[in-house]
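Peer 1: Below, each chain spelled out in residue letters.
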Amino acid sequence: MGSSNKKKKEKKKDFQKAKLKIGKAKAKAANFTDTSFKAKSIVVNQQTLVTDTSDTAEQFKQNLSLAVNAKADNQRRDALAYITNQLSANPRNNPLGTSGVLTKLLPLLSDGSASVRTQLLKLFRVLVPAEVGPHVEKVLMYIRGGMTHLSNDIRNDTLNVLEWLLEVAGDETASCPGGWLKTLNSFSSMLGWNPSVGSAMSNKGWTSAPRATLGTKKGPEAQARQIQVLAKFLQTGFRPEAPIQYSPMAYRDNIYRLPGMPNPFAYLNLFGTPRDEDSEMYPDRISRQRVFDAKWRAAISAGMEGARKEGGTVGRAAATLDRALSAGLG
Amino acid sequence: MVKRKVAALEKVEADLVNLQYKIRRDPRSYAQEFYDQWLAYDAQRQIFISSPSTVSSEDIKKFHDLVDLVAHVADLYPDLTAPYPDHLKELLNQHHATLDKELREKVVGSLVLVRRKDVIDSTSLLTTLFPILITTPSKSLRSLLYTKIISDLRESNSKSTNHRLNRTIQTVLHNLVTSDRTSTKGMWATRITRELWRRQIWTDAKPCDVMKEACLSDNEKVVVGGVRFFLGGDKEREDLDDESSDEDVNIKKVKHQGTINKKTKKRQKALDKAVDKIKRHDRKKHEPHPLNFSALHLIHDPQGFAEKLFQKHLQNTKNRFSLENKLLILQLVTRLVGLHKLTIISLYSWFVRYLTPKQLNVTSFLASLAQATHNLVPPDVLEPLVVKIANEFVSEASATEVCAAGINAIREVAIRQPLCMTETLLQDLVMYQKSKDKGVVMASKGLQSLYREVYPELLQRKYRGKQATMGLRSGETKQRKFGEEEVGGIEGIELLEQYKEEQKRRKREEEGLENGDGDKKEDDDEDDEGFHSDEWEVASTDSDSSGGWIDVPSDSESDEPAKKRQRKGEEDADKAPELVDTAAELNRISKLATTSILTPADLAKLEELLREAKIDKALGRTSKRKKELIDRHIEDGVTADDIELPAQLGKKTTKEERVALARDGKPGRDEHKSTQAIRKSKKEAEGKSTTNKEKARKKNFLMTIGKARAKNKRSLVETSKSMKMHIARSKSGGRRKNGT
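Those protein sequence lines, which keep their order, are chains R and B. Per my numbering, the first sequence runs over residues 1061 to 1390. Per my numbering, the second sequence runs over residues 16 to 755.
For the record, the hints were derived by calculation from the structure and aren't laboratory data. Be a bit skeptical, because a hint or two may be false.
A few chain R residues facing chain B, derived, Cβ under 7 angstroms [to be verified]:
#, residue
1, Pro-1167
2, Thr-1178
3, Met-1201
4, Arg-1204
5, Gly-1230
6, Ser-1246
7, Ser-1249
8, Gly-1252
We put the beta carbon where it would ideally sit given N, CA and C, even for glycine.
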C-alpha cells in the first residue's frame, strides 16, 4: 500500500551514496555540528606553563595566587607548602610582607579540603609573631566565620588557628574591637551554651528542644577540644597585665613623640561606624571581667557544670575551664 | 573498620539550602543552628564591610549565600534578625556602586523578600530603593529596582488602596520633579507614575499633579514624558483593562480534558485555577464600575497650566526642543483649550506662522488648531487663520491633497465655531464641489452640509437645500449668537418620561379604565395646552419620520427627531445644529426632572433606553456622518488623520496593494499545493495530533484485514448481538459514557 511504498523509498534514501564532484566542497554530514563561535575576548582559564625559577619574588606571588585560586586541592596545598618553605628559610623570603600574605590567605580558613587547612596552619606558625599583632582584628573576623561554619571539621580546624593566635598575640586578641564578646558569642554557639537563644525558644512550649542537632554529632573529643580552647581564651583574657615599668620620659613621650603602634587611638573609634556592645573593645582586664560577669558567667558556668557531670575527656576539659575561671575572676 | 556514614550537613560542602529547609519546617529545634549561621553572617559582613572593594570572590560568594539564608528565615526569628534589614539598607546605600553584581541583586531581592514577609513596611523599602534608582549608573540595577518598586506598590495596593503609602511616594515623586527642573531624574517620576496610572493603582489628582510639574520641567525628555502621559495615558489604561478582561478561560474545555486525560495533581490544579478565575471574573462583573476620571479632567487650574505650557515651550523662541516634541506639547495645550474651553488669545496668532503647505507636519498643526477651537473663541481671532488656510492651501493650482486637507481643516474649525466664516469665503469654498478630484469634492460638500445645519444664511440660496430653506422660512432655524449656550437637560430624560407614560397607561388599561382617560393625566400637567397623550405620541413620531417627505440623500441631513437631538446636544454642545425647540418640548424636558426625584432604578432604566436608542441609530436610520459624530467623544480630540484621511477617499489602490490585501491572512503558498495539504502540514508543524478518523484511514491494511475476515465469518446470532450492543452503546454515549 501507499505507506509501505513510502517506507521503502525512505529506506532506500538512507543507503544512497552522495555523489562527489570535482571542485566542490564535500557535503556536510547529516550530524554535522557547527562549533565555530565568535567572542569579543577570549579568557584562557589556565595557569601559565612557564616556570621561571630565577625570580623568587615572582614565584612567591605566583604560588600565593595559586594557593587561593587553584581548583585542585593538591595544587593549593603544594602552593601553601612552598610558601611555608620560603617563610621558614633563613633568611626568610617574603616579598609581600606578613600583611599581604595574611590578607590573601585568610579566606582559606574555611577551605573545603582538610589538607589545605592543616597546611595553612603550618604556614601561620612560621609567620613572625610580632607582625601578626596589627592584623588580629581581621584574623579574628575570619576565625569567627570559621567557628560558626556549618561543617564540623572546619570549626575544629579554626580552633587550632585561634589557639595559634592566642599564642602569638594573646593580648591583642582579647582587647581588639569585638575580640572579646563576639568571640565569646561564637564559643557559646559552638558549645550550645547559649542563654539567649535557648530561653527565647524553649519558653514557648512545655518541651525543651534537644540541644543543637548538628552539634550532637560532633562527639566528645570535639567538645572537649572546644572547652579547652575556650579555657585558654579566658585565661588569656583574664591574665593580669604586667605593671608598666616606670620611666621618667613616659609622660613627655606620650605628649611629644609619635606613637609606636598603628592606630593608637583606636579605643576612641574616631572614624569607624559606632560600635554596639558586642563589637566594643575591652582593652583591660577589669572591663573584660565586668562584661563577662554581666553577660556570660551564668551561661558558661551552667554549661560547665553540665559538662563536668558528663565526665571523661569533656569532664576533664571542663575542670580546666573551671580552674581558668576561678583564677581569672577570683 | 567500617567507614562512618557522613550525614548531609556534616559534609564540607554543607548546603545552606538544606538547612534553610529544615529551619523553616521546625524553627524552634533549629534555633541554635540558625544562631550559628547568624554569627557567621555577621562575621562575613564584617569582613565585607572592612574592605568592600578588595574582598575576595570566595568571601562574596559566602556572604551572598548567608544573606540569602537569613532573608528566607528572618520572619521566624524576629528578635535575632532585627538589625538585618538595616544591614541590607546600609550595604545598598553605601556600596551599591561597587558591589558585585550578583550580590547586589541578592541584597535587593532579600530586602524585597523581607518586605513580603512583613518584617519591614513598604515605605521604608521604597524610600531605600528609590534614591538608588535615581543615582545609580548601572542599567541592570536600575531596571531591577524599577520592577521591584512597581511590583511592591502594586502588591501593597492589591487588597485595598494604601493611601498613606501612595501619598508618601507621590510626594517623593513630586519633589523629585520640582527640586531640579533641568535634570533627567524626573524621568523616573514620570515612568513610575505612568505605569501605576496604567494599572489603575493611582487614579486621583495627585499623580496628575506630578505629571503636570513634569510637563513644566526644563528637560526635554521629562517634558515629553509628562505630555505623552496626558495625551495617551488614559487610552493605555483602557487598553490594559480590555486586555485583562479578554483573557477568558474555557472552563468547559478544561473540564472535558479532565475527564479524558490522566488525572494528575497538576491538571487538578489547572482546573481549580480556571474555576477560581471564572469566579473572580464574575465577581468583578457585578462590582460597580470604578469611576475613573481621565487625567485631563483631574488637572488643577487647567487655564494656568495651559498658559504656562504655551509660554514656556512654544512661545519662547529660545526653546530648542525638536519639532516632534513641540507638536506633542502643542497637542496637549490645544486639547486642554478645547476640553476646558480655555481662553489663550495669543495661541491663535502664534499659529499663523505655521499654516503653510511647506511646513513639516502641517496637518498636525491644522488638527491642533481645530482642537483649540471652541464656541467661546472670538470669531475675529479665528477669521484671519481661516482666511490664511484658504489662501495657502485652497486654490486650483495647489495639489488636490493639499486642497482637500485645507478645506477639511476649515470644516473642523467651523464645526466648533461656525461664526469664523465670511460669506464670500464660504461661497468660494463651496464652489470647489465642482472640482475633478473626489477628495476635494467630498471636503467641499462636507463644509456645505455643515453650514446647511448651523448657519444656512451664509450659503448661497441654491446651495441651501430643502430642509434649511424650510427651516429658515418657518423661523425654526435660528442663528446662535457668540457666547450663547444651549439650554441643557438630562441626557435621555424624555425617553424615560415617554416610557413612564406608557407604563402608566398600560397599568390603567389593566385596571379596566378607558384608554381615552389619558387627558386626565394631562390635567395634572402644568402646561395648560391640554392635548391628548395620543396626540403627543403622534407628534413625536411625526417628527421622527419627517412626515411624508421623500428620502433625503446622505449629505443633506434629515431633521433629527427631538429626543435624539437632545442627547447629541449634551455630547457635543458646540457641534450641535440649531435646535428646533418648541415651547411645549422645553416644558416637557424640565418637567420630569423638576417634579420627581429620580431613583437609581429610574437611572438604570434611562441608561437602558439610551442604549436602545443608540442601537436604533447604529442600525442605519441616520446618516453616516451623524453616526460618526455620535460615536466620537469630545475628549478624543482631533488628529492629523482626521485632516488627511478624507483626501485619500477618492484614491484608487494599485494592483499590488489589492493583491497584498487579498493575500493578507491566507496561508503562504511557496509551492503548488492544496489548501487542505497546507493546513495539514501546518498542523503537523505545530505538533498537533491527528484525529481518530485520520488515524483509521492511515492504519496499515494488514492490521485491519484479520478483523474484517472474522466479521464475515460471524454467525447470525453473533452479528445481531453485536448490533444490539452497538445500539445500546450509542444510546449511552459511547464507550466512555459521555452522555451520562
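Peer 1: All hints, please: hold or fail.
Peer 2: Hints, verified against the model:
Against a cut-off of 7 angstroms between C-beta atoms, the interface hint on Pro-1167 of chain R holds, since the closest Cβ of chain B lies about 5 angstroms away. Interface restraint check: Thr-1178 of chain R against chain B, minimum CB-CB distance 14 angstroms, threshold 7 angstroms, status violated. Annotation: Met-1201 of chain R was flagged as interfacial toward chain B, and the flag holds, the nearest CB pair being 5 angstroms apart, inside 7 angstroms. For the restraint placing Arg-1204 of chain R at the interface with chain B, the shortest Cβ-Cβ distance is roughly 4 angstroms, inside the 7 angstroms limit, so the hint holds.
At about 20 angstroms, the closest approach between the beta carbon of Gly-1230 of chain R and any beta carbon in chain B exceeds 7 angstroms, and the interface hint on this residue is violated. Among the interface hints, the one on Ser-1246 of chain R holds; its C-beta lies about 6 angstroms from the nearest C-beta in chain B, closer than the 7 angstroms criterion. This hint holds: Ser-1249 of chain R has a C-beta 5 angstroms from the nearest C-beta of chain B, less than the 7 angstroms allowed. For Gly-1252 of chain R, the interface hint holds, since its Cβ comes within 7 angstroms of a Cβ in chain B; the closest pair sits about 6 angstroms apart.
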